[in-house]
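Visitor: Here is how the chains run, residue by residue.
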Amino acid sequence: MKPAPFAYHAPDSLDEALALLEAHGEDAQILAGGQSLMPMLALRMAAPACLIDINRIASLRRLEETDEALRVGACVRHAELLRHAASVPHWSLVAACLREVAHPGIRNRGTPCGSIALADPAAEAPALAVALDASIHLASRRGERRIAVGDFFLGIYETAREADEMIVAVSFPRPGADWRFGFEEIARRRGDYALAGLCAGLKVVDGRIEQARLVFFGVGDRPMRADEAEAILCGGDPADAQLRARAAEAAMARIEVSGSAEYGVAYKRHLAGVLTGRVLARLAEAGGA
Amino acid sequence: MTAPDPRPGEIGRPRPRAESRRLLAGRGRYASDENRPGQLHACFLRSPHAHAAIHRIDREAALAHPGVAAVLLWEDLASVCKPWRTVSGAFPGLASPTQYPLASGRVAWQGEPVALVLAHSRAVAEDAAELVAVDYEPLPAQADYRSALEPDAVLAHPAMKDNIAWTMDVAAGDVDAAFASAALVVEDEIVFTRHTGVPLEPRTVLAAPDAASGELTVRISHQMPHQLQLHLAEFLDMPMSAVKVSTGDVGGGFGIKMHVYPDEIAICAAARLLGRPVKFVADRIESMIADVHAREHVVRARMAVDGEGMITAFDIRDLHGLGAYSVYPRSSTMETVMALRPIGAAYRYGAWRAHADVILQNKAVTGQYRSVGHPIATTVTERLVDRAARALGRDPLAFRRANYMRPQDMPVTNPAGLRLLDLSHEACLDRLVELIDYDALKAEIEAENANGRLLGLGFAAFVEMTASGTEAYGRAGVKVAAVDTVTLMLEPDGSLKAAASVCEIGQGISQGLRQIIAEGVGLSPDRISLSLGDTATSPHGGGAWASRGAAIGGEAAWGAARRLREEILAAAAALLQCAPDTLDIADGAIVDAAGRERMGLRELAETVYFRGYELPQGVQPQLSVAHSWRRERDAAVPTNGIQASLVEIDAETGLVRCLKHWVVEDCGRIVNPLLVDEQIRGGVAQGIGAALFEACRYDGEGQFVTGTLADYLLPMAGEMPDVVVAHVETPYSGSVIGAKGAGEAGTCGAGAAVLNAINDALARRGASISETPATPELVLRALGRLAPEAEP
Amino acid sequence: MADPGEDESFRDITVRVNGESVRARIPVRLSLVDWLRDHLGLTGSHVGCEHGVCGACTVVVDGTCLRGCLMLAVQADGASVETIEGATQSGRLRALQEAFYARAALQCGFCTPGMLLTAAEFLEGGEAPDRDAIREALSGNYCRCTGYEAIVDAVAAAAHSRER
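Chains as they are written, first to last, in the working numbering: chain V, 680 to 968; chain S, 739 to 1530; chain L, 5 to 168.
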């Protein structure tokens, strides 16, 4: 279980990295935390001709919080973001979510941006990004662009990133105080990829749900928003148990699900309903995750 | 021979393992830590097909790859290595085709080694393996063993007439009459999913030939170097004296590292052929696919109970998935026998009938894994017992107690043919009731369940046949040593140098033997150095299997210690001019009847070694002794115990969590309670793993789908409960120390207790399951929370 | 060391390993743990799965524990690496090692170096060392022998001895 040979580049600057990416295109693979990429290389499920290691680019290691947003550079580790998020109440969802990412040793090295770039449908970070309505900052020699997360995930391991582009950061707009967040995932073992998970946010103004985001992971081929369930919730009272039950029902019935060899579609669908019920029940009272 | 003093001495003392200091410092020496100058690194090209004919193998491109030294096929190895076929008098009619170190014209399981690439690094060997072109003709694969007996079934081996490797048919007593007159018949069909041992250190071998001496030195992660030495000598046509096998530290075995593996033999043959050291370290994927698997069974069993609530008979049918071959040399069918014969062994009953069809499949070879067969037997028995208790409205423990084999019923050979003696079922049950505070726990469970939780408590009484004696394989004509030997020498500084034929694989037998020797001679265990696991220095014997270390190796150690003690005392008496029986050895010194020191061991040893002229004429002290021990009665040493498990089911998700687990077991005289308790706990973890998580799964074409540790779920720290361990000590009556096997008891009963606990919880919702592992989907379906049919 | 295939590319690295500066020329595809073991002879870090699941290869890089199989050796250029050998030498693990010894919290010992380094990071992180938190911290380190209880006990005992 050793990787196939590859050429290795560890540029010091973003410009250099982008030039390499332009030159190698699809033959190149960006190496950030490597916690998903390295196993794929070892298993020879991936055999890129060249690796562009971005860990030496200082600008990508920045974690910046402003009044408007939290900008997480491509080389910020899960553990760093978790530490930051755990220290501020408005990032409760980030903290709750990242706590469930694998194990300490993996969180010390792996990156939220890398997880988003890989777009594993069972991973937490992509769903978190969708739930917080994040923007993805992509850069290439052609320039930088910012893409709404809703347009980013296209399918299993499929995103809107072009071959010559890399994620340089993801920014999470700071949610207002009227947002409540909840999170739960169901896994066989602690730290496993979830059988199903839910990142949920409700904007509650004067006791009414103004906006709802229910984002499932481990259920479909990408982070899946439960549109119908969200629509049912909007305008309602989060404390209304019947409303929550209808939302759970809708999530269960309507969410797009893809089963796996071991866990069938019916089971995943069922879990979507269970998660919706549980998380919304916690959000009935202010506070959340 | 004098028995050890029953008062607390070294035997029975909870000492930490001295050698663990080295492991804690990162100074272990595992096989993969060893390297030889000029060694080649091996990568096996393994079959991607479950079943295929091989028409042609083109290795030119691989050979031309820079850094590649050789690409070997069976036709190359055939000049230095013989193939083998598993034959055993214990399994008459066993049908298992010849096995080769590398495929010979056909592959019969996915992962079977086809070609061996040797290069200057493992990475380069892997590169080159991708360049070997094999012309396979895929053949239909026998992967669904449940239909394997049908007349038109796909054949795992086309040259055979059917897929039956072996059939077992045993009956004793009037089974039909017992069922005809039964007041209650309970039955179940239980599905056990294939799983495997997953020692953390993968199988590793480094074979180094010496052209000058003609010797082959093999460093291997293995449980029984002597057995491997014998087979290597046979296969490679060498004298045993020229084959040196040693293990160093072994990173876990559990039965996985006690078989003859084609890949390991291929490495040794390649080293002989090329005259170069060759190193092979299995990676995790090939470990998962090519280590022996175990325990793929569907058991349909019935139990008859009479009007008095007494169990009268068992009637059992087993379908056992064997894999492509019966493992060499012991035969995978040993699992069949041990999955069936212990059914019902904890109870008095009159009639027993078992039929097993053992099926050849195009899947990995199965073999002995910790507590061989017994977890199946225990699960089947204890499910039936629970079902009967429930049907009769009896408390599950009360029903067990009423039916238990009692001390006054033993010794006995039960209808299944097991020799049972020195068992303590009621005493263990009493201890368990106390340990779990049964009434309070039941009340607590009721209260929690009334609050909407779904908790269940399950029990499993068990009997495990340990420390197999000379009958087990000897009569079958299979060369497996059941005698063990310890050599012991007094060193000039008064310390002892010992060697033993049992092996250390982490279970702590090294510490145990040193404590036995220490007590037998009369000094501290830290004055004893002990070598194990090296055929060049330790005597021929069994190694590590069937929990034999203390029960058999311990007797040899005690015998050697007492012999040496006698020699020391005789020499001392000659020097001190007194009678030997007026002297003793205590704390490393020769003392008189009053306990006064007369001479240190060092002084004695120095006299004998350096100043022999001081000894009287005719005195020739033998300060090096060897002692062998074979048990002269009882084919195996039975042990018993009972386990309890408390589980919680999340009725919405189907997830099962084991909250707490208890074990009361009787392994006879305990040599080191600290280490024995940890053996029990580790064994329980493997039982819980099997009950809740672990599964080797294949698809319909025989493709293995659980090859990574992300797919094959093992219990981790977050999933394991705390395990409370207690003991009843009923010494084995056929040995001096009285120790019985302890290493596998945890695994023997844990899975059964967990499954019963799950079913105790499910019964509250009118549901049950009869399959392991208890996946969340399975549990949820049982609860009726999912449609019975999966969506397409 | 190896006679490489023609595709193999190499790089010179300088790494501080257990406090000593080491220069080496290595194939870029070599993992950190393979380099430490096979080139430097630091065999206390073990290879259990090579896909980041078992934790046996845990080493400390620039102060944090990570999987030695999921980092390339070339990525450690300029970094500081601590292995079980170094952490033993420095005495950083002493309390844990004593507790593991006394509690018999290891059997085959193959997972032990990774367990010790992971546990040390946890204890030094300042989180309250209750049993659940210890289990969570160790949840990525596979042990087939012990069933984990003795390990949890030993970490709790070491935490207690640190407090005193």
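Take the hints with a grain of salt, since some may be wrong.
Negatives, chain L to chain S, calculated, CB over 10 Å [claimed, not checked]: (1) 11; (2) 12; (3) 18; (4) 20; (5) 31; (6) 81; (7) 89; (8) 120; (9) 134; (10) 140; (11) 143; (12) 156; (13) 166.
If you want the footprint, here are the derived chain L segments under chain V, 3+ residues with CB under 8 Å [to be verified]: (14) 56-69; (15) 122-131.
Please keep in mind that the hints were generated in silico from the structure rather than gathered at the bench. Built from N, CA and C at the ideal position, the CB exists for glycine as well.
Visitor: All the hints need checking, so say for each whether the structure fits it.
Guide: Structure-based check of all given hints:
Its beta-carbon lying about 8 Å from the closest one in chain S, residue 11 (chain L) breaks the requirement of being farther than 10 Å from that chain. With a minimum CB-CB distance of about 8 Å to chain S, residue 12 (chain L) fails to clear the 10 Å threshold, and the non-interface call is violated. Every CB of chain S lies more than 10 Å from the CB of residue 18 (chain L), the least distance being 22 Å, so the non-interface label holds. Every Cβ of chain S is farther than 10 Å from the Cβ of residue 20 (chain L); the closest lies at roughly 18 Å, confirming the non-interface assignment.
Here residue 31 (chain L) does not stay apart from chain S, with its beta-carbon only about 7 Å from theirs, under the 10 Å limit. For residue 81 (chain L), the requirement that its beta carbon stay farther than 10 Å from each beta carbon of chain S is met, with the minimum near 19 Å. Consistency note on residue 89 (chain L): stated as away from chain S, yet its beta-carbon is not over 10 Å from all of that chain's, at 5 Å minimum. A beta-carbon of chain S comes within 10 Å of the beta-carbon of residue 120 (chain L); the shortest separation is about 7 Å.
Annotated as non-interface, residue 134 (chain L) keeps its C-beta farther than 10 Å from every C-beta of chain S; the closest such distance is 13 Å. Some Cβ of chain S comes within 10 Å of the Cβ of residue 140 (chain L); the nearest lies about 6 Å off, and the non-interface call is violated. Distance check on residue 143 (chain L): its Cβ comes as close as 4 Å (rounded) to a Cβ of chain S, failing to clear the 10 Å threshold; non-interface status is violated. Residue 156 (chain L), annotated as away from the interface, has a beta carbon of chain S within 10 Å; the closest lies near 7 Å.
Here residue 166 (chain L) stays apart from chain S, with its beta-carbon at least about 17 Å from theirs, past the 10 Å limit. Coverage of the region 56-69 of chain L by chain V holds in this model, with 5 residues showing a Cβ closer than 8 Å to a Cβ of that chain against a need of three. Residues of the region 122-131 of chain L lying with their CB closer than 8 Å to a CB of chain V number 3, which satisfies the three-residue condition for coverage.
Checked against the numbered hints given earlier, this structure breaks hints 1, 2, 5, 7, 8, 10, 11, 12; the rest are met.
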